[in-house]
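Undergrad: Add chains B, C and D to chain A, keeping to what the hints say.
Protein chains: 4
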Amino acid sequence: METAILLIQCADQKGIVAKISDFAFRNDANIIASDQHSTDPSNGRFFMRLEFCFDPLSFAPQQLEAQFAILAHTLQDATWRIHYVSKLDKMGILVSKQDHCLCDILYRWKSGELRAEIPIVISNHENVAEETKRYGIPFIHLSLLNDNKTGQEKQILSAVKGKTDFLVLARYMQILSDAFVSAYSNDIINIHHSFLPSFKGANPYRQAFDRGVKIIGATAHYVTGDLDEGPIIEQAVDRVSHRDNIDTLKRKGRNLETIALANAIRAQLEHRIIRYENKTIVFE
Amino acid sequence: METAILLIQCADQKGIVAKISDFAFRNDANIIASDQHSTDPSNGRFFMRLEFCFDPLSFAPQQLEAQFAILAHTLQDATWRIHYVSKLDKMGILVSKQDHCLCDILYRWKSGELRAEIPIVISNHENVAEETKRYGIPFIHLSLLNDNKTGQEKQILSAVKGKTDFLVLARYMQILSDAFVSAYSNDIINIHHSFLPSFKGANPYRQAFDRGVKIIGATAHYVTGDLDEGPIIEQAVDRVSHRDNIDTLKRKGRNLETIALANAIRAQLEHRIIRYENKTIVFE
Amino acid sequence: METAILLIQCADQKGIVAKISDFAFRNDANIIASDQHSTDPSNGRFFMRLEFCFDPLSFAPQQLEAQFAILAHTLQDATWRIHYVSKLDKMGILVSKQDHCLCDILYRWKSGELRAEIPIVISNHENVAEETKRYGIPFIHLSLLNDNKTGQEKQILSAVKGKTDFLVLARYMQILSDAFVSAYSNDIINIHHSFLPSFKGANPYRQAFDRGVKIIGATAHYVTGDLDEGPIIEQAVDRVSHRDNIDTLKRKGRNLETIALANAIRAQLEHRIIRYENKTIVFE
Amino acid sequence: METAILLIQCADQKGIVAKISDFAFRNDANIIASDQHSTDPSNGRFFMRLEFCFDPLSFAPQQLEAQFAILAHTLQDATWRIHYVSKLDKMGILVSKQDHCLCDILYRWKSGELRAEIPIVISNHENVAEETKRYGIPFIHLSLLNDNKTGQEKQILSAVKGKTDFLVLARYMQILSDAFVSAYSNDIINIHHSFLPSFKGANPYRQAFDRGVKIIGATAHYVTGDLDEGPIIEQAVDRVSHRDNIDTLKRKGRNLETIALANAIRAQLEHRIIRYENKTIVFE
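Protein chains in written order, with the numbering used here: chain A, 1 to 284; chain B, 1001 to 1284; chain C, 2001 to 2284; chain D, 3001 to 3284.
No lab work stands behind these hints, which were simulated from the structure alone.
None of the values given here were measured: they were computed from a predicted structure.
Where hints are given, some of them may not hold.
[Claimed, not checked] List of simulated lysine-lysine pairs, DSSO-like, C-alpha gap at most 30 angstroms: (1) K1087(B) <-> K2250(C); (2) K14(A) <-> K1200(B); (3) K2252(C) <-> K3252(D); (4) K3097(D) <-> K110(A); (5) K1110(B) <-> K2097(C); (6) K1252(B) <-> K250(A); (7) K19(A) <-> K1014(B); (8) K2014(C) <-> K1250(B); (9) K1252(B) <-> K2250(C); (10) K279(A) <-> K2014(C); (11) K2200(C) <-> K250(A); (12) K2090(C) <-> K1252(B); (13) K3250(D) <-> K2252(C); (14) K279(A) <-> K2110(C); (15) K3097(D) <-> K1200(B); (16) K1250(B) <-> K3200(D); (17) K1019(B) <-> K14(A); (18) K250(A) <-> K3252(D); (19) K2110(C) <-> K1133(B); (20) K2014(C) <-> K3250(D); (21) K1200(B) <-> K3200(D).
[What the hints assert, rightly or not] Here are some chain D residues the structure puts well away from chain C; computed CB gaps all over 10 angstroms: (22) I3031; (23) P3056; (24) L3057; (25) Q3063; (26) A3066; (27) G3112; (28) E3117; (29) N3127.
[Said to hold, decoys possible] Which residues of chain B face chain C? A few of them, derived with a C-beta cut under 7 angstroms, are: (30) C1103; (31) Y1107; (32) R1206; (33) I1246; (34) E1284.
Idealized CB from N, CA, C, for every residue including glycine.
Bound conformation, chain A alone (with noise of 0.2 angstroms):
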């Protein structure tokens, strides 16, 4: 048995899921998990996730989504995308000298709580290299020289296009920019280290020490071209205060950056996130 998550959106309309649901009846489908969402189910927009399972052999892959597809025409505006189980994502990991969600990631890949394969972990700074490889992932070091920033993406697009299905950025302090971005053109999942969007930019602990916040934050979101502007996916908090100076700060922020992360990195690996205009939706 082969198990398979659609991921589908379109205008709300009555018996859309009458439909889907259907369709898996007749397709002799077990539904192990569904989930719906409508911004307003007169004129707003539908989204669903339908786990479920079913025999390859009498009913292949193509196949099925083929007949998806025929479904899928009778609904206006859709987007729709099937991910099967049994093939694993491959995840890209960019990171810069701090390890700790790099660390984290691995960390939980290996004790098999993120299911992908990890093809590549590059880094503009070589302290992360013997990890990475002891954990038998390769890895790249690309030190960025003056002015060759256009260069050094150029690398990374070679080493990410076309072999990964989506990128991590696990506190890369580089800026991707808009060009890397479109031409990547996969998702982009980054962690910025604040509560957005409170302190965007650079150095978020040292503006939440100096406004004198009460919480802080951490914030997992997809890249887009606008720097700490992309959409929402998980965001963590903890309790601070006046004993707090900008070194504690980092160290609860660590921890709220290495677990933001991971929970947006499994939602994204078990197919729970759709993305709409500059929001998410994630299923539980």
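TA: This is chains B, C and D only, laid out in the frame that chain A set:
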């Protein structure tokens, strides 16, 4: 247009969602929200909440229910009920001397946050009479005389049986007998001032203080014959420290109690809860 | 016995605690609680809250303060104040149409959780008049006439200046002018319905919805000339999801607003807050 | 300059802080942080943590302690200890098959977040050997043979007694005997994978699932003769729902366990904890 909410549970099997959503589609219902859960797609139990609107002129509620009953007969071991949003639930409230939950409920009710009728407030203390009457709600004071618990429960039962859809124990410090719970037969929601199953029984804040916990909680649950053992609906927690004494634990706890109970009541009134074994499914 | 609370800040230097605790000891005071904080032991600023009880018959408050003034003269750049628990602070409240914070404050006040006098409630709406009067608190209704903001603020000032120790803006939707804030000169606590510094200004829940955040918040802060930029006293947060619309954000937000504001008021009344630069020290 | 931390508890009485801060002042110590707590100023018990730096050339540690002992003799029922930041504590670790806490501790230790020596890691499983040795830490594998618990504990004791300042049970699934706890005599910190006192004993996530709680937790506590009854140091919680099965409870729980245990270890290493009756004072 009328809005209705179907709550159903049955043995999980293929085609349930297809049948139910097809039923809604054929009857021209507009699905507003749909949530489902299965404990196990192969052998488990299936739960669904379907919120939809329909035209009661072309399709009367009795007709709707009669037709749905035919469908439900085809599902194994099904129990279901359809609630109509236009028909407010009748919520009876029992309370003792501490009135923070009562006052919070009445404020939320008055401001429209909790959609219900409140036909009666009953207390074994008189201090809450004025507050209750101010809202125009009938109030009954039942003092607990010696050896007269049975008599008191009879009075309560005659005031609520058939006149309320469910009861809320808003810090009611008497233990209702099994006989009462059976005789009333509808849902009874209690707020216990601890993080169950920790600190059952009397004086939970004293117990928490003595144990030296670093987090306290409150638990809203359905009342069953076993004291503090009924299905949990909602829990809330807050951090405490060595600085807290029993008085500050109680103060922090009051916030938790009011919020956990208000959330549980809202879920009850919006028909988001399905009871199952000794647990609850609470659709968000 | 009288209980007093000393709040002091000065340049950090060796021997401060020794001097102050020796002062308490020599005067036969019993220290109930003592908290201190230093931004930096070598060059920083020192803050202290000392709660103690003493016999006012053998040692009058004026005498106590006169003697402490001599000690404080030996500390560099010191500002201090002694509050007496027997003398309740006078708290004025300004509120607009939404009354959830007001009702919460009045309930906590009545039940003894907030120890204060409330000499006046002022609103630009009449709907809160009844609730206020029920508690026996004088109420002033000030409608905002065209181009008459200056006149309205004059009326407020004459009602509170010299008659209140601090003001609470319990969802008061008018922006107080710099002139008013200067003229009043005492503390003004505001509750902003967002997690500052995110979503300053109008309609923060709309802003939060549009940004697609996964956590919302509320912020209690002191009012300064810069709108929503004053020192933060307390923040509270709650998780939200794609299921939340603006109405449910507002509902969840009301819980956060009432709790953050109540905590801030309690800290103010218990003299736990020291303002410093644009921040607060809040001793627990 | 040397930094030292004094932890002291005694019967509360007037003048304690004056004496101790005067002691620091006279000896030219610079107070970095000072925290105190009293269970009751009239009849209670007093606790203090004083972090200060001094010149060990002009004032040797032995001299400091000898002089402080004289002061402490004037305090009723006092116990105290001075720790020196330059002298790292020796932390021994016991672990079974599940290595998430161990790996987290070692990562934090390597990155400088936990300042300690780790002279030994002991396990009844071999799978953690490689990870431990990679950090250059001696590893002992002790398989549990039939009826040989006493023998195993003797081996452990000989490996840690006199060679470690405290032990961490980082998901060590053997129950240490009373005899071992007595013989070791130093602190032993355990992480229990539930929100104690809920779900003591075996399989707490199974117990939590069966009870249908809406929040799960983890508890770091000192080990005493009574299983899962020792003084609680730190607790962490997370929300769960009907969607969670035992596997996802365990996954969420691992995050809680690592964070609660890391926070407890940091508090231990920074000498922020004072044990008292069956509780802890944890200065922040």
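Undergrad: Holds or violated: are the alpha carbons of K3097(D) and K110(A) at most 30 angstroms from each other?
TA: Roughly 15 angstroms separates the two Cα atoms, so the pair holds.
Undergrad: Does K2014(C) pair with K1250(B) here, judged by a C-alpha cut-off of 30 angstroms?
TA: violated, 40 angstroms
Undergrad: Please verify whether K3097(D) and K1200(B) have alpha carbons no more than 30 angstroms apart.
TA: Violated: K3097(D) and K1200(B) sit about 34 angstroms apart, past 30 angstroms.
Undergrad: Does K250(A) sit within 30 angstroms of K2200(C), going by the straight-line distance between their CA atoms?
TA: holds, 25 angstroms
Undergrad: Starting from K19(A), check that the Cα of K1014(B) is at most 30 angstroms away, please.
TA: holds, 15 angstroms
Undergrad: For a C-alpha distance cap of 30 angstroms, please report whether K3250(D) and K2252(C) respect it.
TA: Given that 30 angstroms is the threshold and the Cα spacing comes to 29 angstroms, the pair holds.
Undergrad: Does the interface hint hold: is C1103(B) within less than 7 angstroms of chain C, judged Cβ to Cβ?
TA: This interface hint holds because 6 angstroms falls under the 7 angstroms limit.
Undergrad: Can we confirm that no CB of chain C comes within 10 angstroms of the CB of A3066(D)?
TA: holds, 20 angstroms
Undergrad: Within a Cα-Cα threshold of 30 angstroms, do K14(A) and K1200(B) meet the stated pairing?
TA: violated, 48 angstroms
Undergrad: Taking only the CA atoms, is the gap from K1252(B) to K2250(C) under or equal to 30 angstroms?
TA: Holds, because 23 angstroms separates the two Cα atoms, which is no more than 30 angstroms.
Undergrad: Has the given pair, K279(A) with K2110(C), been kept, meaning a C-alpha gap of at most 30 angstroms?
TA: violated, 44 angstroms
Undergrad: Taking 30 angstroms as the top limit, are the C-alpha atoms of K1200(B) and K3200(D) close enough?
TA: The given pair, whose Cα atoms are some 15 angstroms apart, holds under the 30 angstroms limit.
The earlier numbered hints that this structure contradicts are 2, 8, 10, 14, 15, 20, 22, 32 and 33.
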